[in-house]
Amino acid sequence: MAGPLEQFDIHPVGGTAQLGGFDVSFTNASLWMVITVAAITLFVVGGMRQRALVPGRWQSMVELSYNFVSDIVKENVGKKGNDYFPFIFSLFMFVLMGNLLGLLPYSFTVTSHLAVTFAFAAFIFVGTIIIGLMRHSTHFFSMFLPPKTPVPLIPIIVLIEVISFLSRPVTLSVRLFANMTAGHILLKVFAGFVVSLGAAGGLLSILSVVPLVMNVALTALELIVAVVQAYVFALLTSVYLNDAVNLSH
Amino acid sequence: MAKDGADDDLKAEDLAERLRALEARRDKRLGRERGEDGNDDEGRKGLARAYKVAIELVAGVAVGTFMGYWLDKWLGTSPLFLVALFALGTAAGFLNVARSTGMLAPPRSLDPAETVERGSDNEKKPGES
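Taken in sequence, the protein lines are chains A and B.
Those letters in the first sequence? Residues 6 to 254, by the working numbering.
Those letters in the second sequence? Residues 4 to 132, by the working numbering.
Take every hint as true, because none was put in to throw you off.
Chain B stretches covered by chain A per the calculated footprint, using a threshold of three residues with CB under 8 angstroms from any CB of chain A: (1) 50 to 60; (2) 66 to 78; (3) 86 to 97.
Some chain A residues flagged as far from chain B (calculated, every beta-carbon gap over 12 angstroms): (4) 109; (5) 110; (6) 196.
Hint data in this document are derived by calculation from the structure and do not stem from the laboratory.
A virtual CB, placed ideally from N, CA and C, is assigned to each residue, including glycine.
All chains, full assembly: derive it from the sequences and hints.
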C-alpha cells in the first residue's frame with residue numbers, strides 16, 4: 006500500500022532532460038502546473054465568452070472571483086494598488102486552482118511543495134522591495150525605524166525590524182505549504198486505515214466505516230482550507246504590497 | 004391604471020414583508036445550527052490561529068538563527084553572531100506574533116506629508132495592516 010508521503014513524490018513524465026548540468030525534466034509537478042493554468046484559462050475565458058449584461062451561472066462565478074480579489078486589493082492597497090491587480094488575481098487563481106485540483110484523486114498538489122510556495126513568496130518579497138525602492142527611493146528604509154524610537158535602542162530595534170521583515174517570505178510560503186501538506190497527509194493516513202481495517206476481516210471490517218466517515222468530513226475541511234489559504238496568500242501579498250506602495254510602516 | 008399601480012405597490016410591500024419574515028426564520032434556524040456545532044467551528048478557527056502564531060514565531064527565530072549562522076561562517080566569529088541573532092530573532096518572532104494577532108499596531112510613517120497623501124487616496128486606516 007502506498008505510504009502517506011508518496012503522493013508528494015516528483016518524477017519525470019516522459020523522459021528526463023538535462024540542460025547545463027541541471028535536471029530540467031518535465032515532471033508531474035510541471036504537468037499539474039500546466040493543467041492548473043489551463044483550467045484557469047478555461048474557467049475565465051469560457052465564463053466571459055458571452056459577455057452578457059446579466060451574467061449566467063458560469064460568468065457569475067468568474068465575475069465573483071474578479072470582484073473578490075479586486076476588493077482585497079482595494080481594501081488593502083487603495084487606488085495605487087490597481088496597477089498590481091492583474092498580478093494578485095493571477096496569483097490568487099493559481100494558488101486556488103492548484104489547491105482545488107490537488108484534492109482530486111490521483112492528482113498532484115503543486116502548492117504542497119515548499120519549493121513552489123517559496124518561489125512565489127521570494128518573488129513577491131523581492132518585488133515589493135523593488136516597488137518600494139522605486140516609489141520612495143531610500144526613504145523606503147524608514148519602515149525599519151518606528152517613529153519616536155529612543156536613540157540608544159535604535160540599532161537593536163532596526164535589527165529586530167529587519168529580521169521581522171526578512172521572515173515575511175518564510176511565513177507566507179510555510180503557511181500555505183504546511184496547510185496543504187498536513188491536510189493531504191491526514192487524508193492519506195485515514196484512507197490507509199480504511200484499507201487496512203477493511204482487509205482485517207470480521208468485526209474490524211465493519212469498523213472501517215469510521216475512518217471512511219472521517220475522510221468524508223476531512224475532504225470537506227480540506228475544501229475550506231484550500232480556499233482560505235488562497236485567500237490568505239492573496240491578502241498577505243496585498244498587505245506587503247501596501248507597505249511598499251504606501252509606506253505605512 | 005392608477006388602481007393597478009396601487010395594487011402592485013401593495014403586492015411589493017407584501018412580498019418585502021414575507022421576505023423579511025423568511026430571512027428572520029432562516030437566520031433563527033442558522034443561528035441555532037451554528038449554536039449546535041459552534042464548538043467544532045471554534046476549534047477549527049482556534050487551530051488555524053495557533054498554526055499562524057506558531058509559524059510567525061518560528062519564522063522569526065529561524066531567520067535570525069540562519070543569519071547568525073552564515074555571518075559566523077563568513078566572518079569566522081563563531082558563536083558570537085549566532086547567539087546574538089538568535090536572541091534578536093526571537094524578539095522579531097514575538098514582534099511578528101504581536102503584529103499578526105493585532106496586539107500591536109504597525110508603526111506609522113515618520114513623514115506627516117506621507118500620512119496625508121496616504122489618507123487622501125486610501126480609505127484604509129493607516130494603523131491596520
